[in-house]
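**Q** Please build the complete structure, drawing on both the sequences and the hints.
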Amino acid sequence: MMTKTRLHFLWGICLLLLPLLAVAHKPSDSYLFLQDQPEGNIGLRWDIALRDLEQAIGLDSDADGKITWGELQHQQTALDAYALSRLHLQQGDAACQPQVTGLQTETHTDGGYAVLLMNAGCPATAGGALQVEYRLLFDIDPTHRGILLDQRAGSESASYIFSTDHPKQALTLQNSGGLPILLNYIREGIHHILNGFDHLLFIALLILPAVLVLKERQWQQVESFRPALINLLKVITAFTLAHSITLSLAVLGVVDLPSRLVESAIALSIIVVAVNILYPLITHDQWKLVFVFGLLHGFGFASVLRDMQMPTGALAEALFGFNVGVEIGQLLLVLLVFPIAYSLRASKVYRVQILHGSAVLALIVSGVWFVERAFDLRAFWS
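Heads up, the sequence shown is in the UniProt record's numbering, so the first residue is 1 and it goes up one at a time.
Please note that the accuracy of each hint is not assured.
As the list claims (entries may be wrong) - Derived CB-CB ranges, DEER-like: (1) Gln220 - Ser61: 54 to 62 Å; (2) Arg226 - Gly58: 53 to 61 Å; (3) Gln218 - Val255: 35 to 43 Å; (4) Val115 - Ala95: 22 to 30 Å.
Since the hints were made in silico from the structure, they are not lab data.
Quantities reported herein were computed from a predicted structural model and do not represent experimental measurements.
Using N, Cα and C, we set each Cβ at its ideal position, and we do this for glycine too.
**A** Okay, here's the thing in structure tokens:
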């Protein structure tokens with residue numbers, strides 16, 4: 001009975017992930033920039049993904065799968081009203097009223113964005129920290145994040161991350177580096193890995209065969225828990241070390257690769273690992289292959305941080321925090337799946353249905369991702 005329950009649990013995880021795997025783009029984020037304006041006003045620039053706005057207010061009037069500049073302009077009144085209703089600024093007891101002053105477009109690593117230019121006037125008598133309440137898209141996508149970069153004088157480019165759990169924050173004109181930045185980016189790293197379905201799938205394909213050993217070209221159960229876990233942690237550590245290297249190099253501008261190439265290569269890495277489960281070719285020193293693929297995944301993580309405009313005054317804290325968050329997310333998946341997989345390792349159902357079934361599923365899904373990414377078949381902007 002217990003074994004059957006565990007099997008159902010593992011299959012449940014696979015089935016729950018299946019609809020999510022179809023949307024393996026970067027998690028939903030918007031970017032809000034604050035700058036000083038004359039007479040004490042605050043200038044705002046708000047970058048919102050076109051695909052998110054399509055869900056919220058509808059932009060693609062001819063339903064051709066592409067959002068044009070004309071379609072965006074046609075919906076500007078609705079866009080302005082929608083955005084302003086979900087952003088509230090207050091200084092002291094006085095509300096600061098944002099007004100939209102312009103509309104532009106911008107391309108981020110994950111596609112097209114509408115750019116709202118705004119100006120907010122706070123009463124001259126208002127004092128204290130600027131209070132920001134952000135609720136964009138939370139009713140549609142609870143995983144959405146609002147990334148705010150405060151570029152006003154004295155803020156030293158402090159960054160803030162808004163979520164359903166943290167919709168209100170106070171912005172102070174002082175360096176907010178150190179621990180607050182570190183904790184913010186740890187949370188963002190956890191959020192990204194747990195919502196980065198291609199990265200999750202890659203890690204899962206490392207965990208599932210870790211409770212087995214290849215003997216005479218057949219998967220057999222490992223004899224004990226501890227050596228299997230240590231070997232898996234070595235492989236995960238190689239992945240972490242590799243993606244930390246390229247993540248740092250890319251964010252610092254030392255190395256830069258085209259997003260399309262990186263995303264295609266990440267999909268290809270999943271294909272290779274899935275094929276290796278079905279037809280084992282690399283049976284020793286797997287960590288070396290995982291290290292190489294980790295370098296590619298690091299460039300994928302870097303695209304997220306580049307779009308977030310990391311705080312220049314606390315770059316080290318932000319980079320370290322994000323890496324720690326990603327590692328925590330990976331370890332959570334290991335803690336969730338590995339003990340159950342270990343307890344089922346002697347079962348033929350595990351070796352055939354769970355292991356091989358998951359590899360086939362991953363092969364199909366990652367194959368679709370590769371075709372989409374390599375040939376640019378997903379069009380959100382034209």
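**Q** Give me the numbers of the hints this structure contradicts, sorted from smallest to largest.
**A** Result: no hint breaks.
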